[in-house]
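Student: Turn these sequences into a full structure, and let the hints steer you where they fit.
Line order of the protein sequences matches chains A and B. Under this note's numbering, the first residue of the first sequence carries the number 1, and numbering increases by one thereafter. Under this note's numbering, the first residue of the second sequence carries the number 1, and numbering increases by one thereafter.
Because the hints were derived from the structure by calculation, they are not lab data. Mixed in with the good hints, there may be bad ones.
No more than 30 angstroms apart at the CA atoms, straight line, and that leaves these computed lysine-lysine pairs for DSSO-like [what the hints assert, rightly or not]:
id, chain 1, residue 1, chain 2, residue 2
1, B, 122, A, 43
2, B, 95, A, 299
3, B, 84, B, 95
4, B, 3, A, 225
5, B, 46, A, 225
6, A, 227, B, 7
7, B, 122, A, 45
8, B, 46, B, 95
Footprint (simulated), chain B over chain A, 3 or more residues, beta carbon under 8 angstroms [said to hold, decoys possible]:
id, stretch
9, 266-276
10, 298-310
Listing some non-contacts, in silico: residues in chain B with all C-beta distances to chain A over 10 angstroms [what the hints assert, rightly or not]:
id, residue
11, 3
12, 14
13, 68
14, 70
15, 139
16, 220
Quick caveat, the model's predicted, so the values are computed rather than measured. Cβ atoms here follow ideal geometry from the backbone N, Cα and C, with glycine treated the same way.
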Amino acid sequence: MKKDIEQLPQDKFERIEIDSTKAERIEKPSLSFWQDAWLRLRKNKAAIISMVVLVLVVIMALIGPHLNGHDGATQNLRHANLPPKMPGIEKLGIMDGVGNLSGEKVDLYAMKKVDEYYWFGTDGLGRDLFTRLWEGTQISLLIAFIAAMIDLVIGVIYGGISGYFGGRTDDIMQRVVEILIGIPTLVVVILMIMIMDPGIGAIIIAISITGWIGMSRIVRAQILKYKNQEFVLAARTLGTNDSKIIGKHLMPNVLGIIVINTMFTIPNAIFFEAFLSFIGLGLQPPAASLGTLINDGYKVMEFQPYVLLFPSIVISILMIAFNLIGDGLRDALDPKMKD
Amino acid sequence: MVKYIGKRIIYMFITMFLIATATFFLMQTLPGSPIQSYSKLNDTQKAIVEKKYGIDKPKPVQYAIYMKNLAKGDLGTSFAFKGKSVNDLLASRMKPSFILGIQAMVFGTIVGILLGMIAALKQNTFWDYGSTFFAILGISIPSFVFATLLQYYIASQWHLLPVGLWNDGWKSSILPSLALAMGPLALSARFIRTEMIEVMGSDYITLAKAKGANGFEIAFKHAFRNALIPLITVLGPVAAGLVTGSLVVEQIFAIPGIGEQFVSSIMVNDFATIMGTTLFFSAFLIVVIFIVDILYGVIDPRIRVAGGKA
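Tutor: Structure follows, in structure tokens:
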């Protein structure tokens, strides 16, 4: 056996030198944390599809109200309670303007001599539901974004200060949080909304009054985790001041978790707004939000289910999209923190 | 542990006291008055009514009286339901809410656990994606949208179950319970899935496999029991979700429960009932969270409630 190996032709082999200067060379391009996260997020089909859908909904919320020439506030009683009718699709037998009239299928557009198209139909006051739907989506998204931003700012500042300075400051701040966290969100939201004038501002304040607590706890925990690590110690030894340590060394590490948490705050705010409007405490007419539209639709569900259908679909899509993006971001930014 | 429990109980009382105080003073700033609807009364008659309900006294005195009664467990007298005490009102409405809550919780958790287990044991297959998608739907779709869908199709279009009200025995509790169950179902399904996947990868499962235990035995005897413990932590959010859900679901199905009572008392400015219900909900949630924290420490000794000693 040994001889066989010795008989192998020597010229078939080639000597390889190990170049010790290249031992430390990095073959793959170095990726920043965010590039790496993006690579991982890109593999998550559900999150990517959700992002596309979300962008589409936001675009529609912005341009939707101007698309079909109707205006969401104009009441036209002659055109009240029309079912959806859309050019093109009407030939397929859906959304063709045929609705129930005392139990019979009638083309209400022909009967009422309406030439215009109301894509998603009209409500009891003859307002165009397509326009109102996207106006409502706009308001709902606006409320959710502002509430989430307020939560973010207060939560990060409160949690950051509490975690970073520690000691007595932390003690006092955490006692306050411990008491606040015992108060059910729903109860606070409803009480706040009752004493303020109904409107967008009141809803935002009500939602964010306890909303920041979750964020502050998460940020505090993260800051506590990082503030005694070597790189912070090194920075401190070199004489870096507090604000620079927080801004340059701690925040980038906490940012991932802040982004994830915000992605879950937004759908929560959308839900609370719709919830308040649904039980009649939210926006007052004629303003529209997804919640008030669903409430309007619920009242006439038996006769004109389409009034309820479209806002329900939009709110469900929004909630699903935000949750899926949140899940995707969590897996991408912090693989250790799955659920 | 005893010290921890004592501390928590003190915090619970402080929280309840703050909620009661805040609620009381918020109620005073409310626009409108509970006796607005008695507008036909002249001033003397109004004064008599105000005296009867004790709202003629200065605010601090009213507050002191309210707190004193509260300490005795007396929530005052309702304005809207004349002469009825809030305690009686709540007691009479407790049963439907309680039944719905329990049914939703039991059904939701059992189905959720099954879904989560299927997803974990058949990871990355059709079953996994199916049940994960179902869980996402359950978390995302607002309870009132789901409730109206159920009501529209099952009750009003197909006439399978009653549309609402609480007069058809168990049948009338099915739809509202289902609507409420979506939250617990989705939460426990997601939770059990992650836990099971983690447990299935641990050493003792490998050992069980090496010893030749069959798949069924491993899943139920070894993995499931360990995955179940952390499920207690979702009880808190689930309870909060049930309370939130009950407000709209009871409204939609016209169930004479506490949630429906709360919403309708807001509409008529019935101070005493609003405060009573608020305190009831708060107390319920605070106690649930407390029990969850204690249970968690008792069941899994690895978790030190006080922290720091580990």
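Student: State for each hint whether it applies.
Tutor: Each hint, compared with the structure:
1. B:122 x A:43: Holds, at about 21 angstroms.
2. B:95 x A:299: Given pair residue 95 of chain B, residue 299 of chain A holds - Cα atoms ~27 angstroms apart, limit 30 angstroms.
3. B:84 x B:95: holds, 18 angstroms
4. B:3 x A:225: holds, 26 angstroms
5. B:46 x A:225: violated, 62 angstroms
6. A:227 x B:7: holds, 28 angstroms
7. B:122 x A:45: holds, 20 angstroms
8. B:46 x B:95: violated, 36 angstroms
9. 266-276: holds (count 4)
10. 298-310: Held - the stretch 298-310 of chain A has 5 residues with a Cβ nearer than 8 angstroms to chain B, which meets the minimum of three.
11. 3: holds, 16 angstroms
12. 14: violated, 6 angstroms
13. 68: holds, 22 angstroms
14. 70: Holds, because the least Cβ-Cβ distance between residue 70 of chain B and chain A comes to about 16 angstroms, which exceeds 10 angstroms.
15. 139: With a cut-off of 10 angstroms, residue 139 of chain B comes too close to chain A, as the shortest Cβ separation is near 6 angstroms.
16. 220: Residue 220 of chain B is indeed farther than 10 angstroms from all Cβ atoms of chain A, at 22 angstroms.
Of the hints listed earlier, those the structure fails to meet are numbers 5, 8, 12, 15, in rising order.
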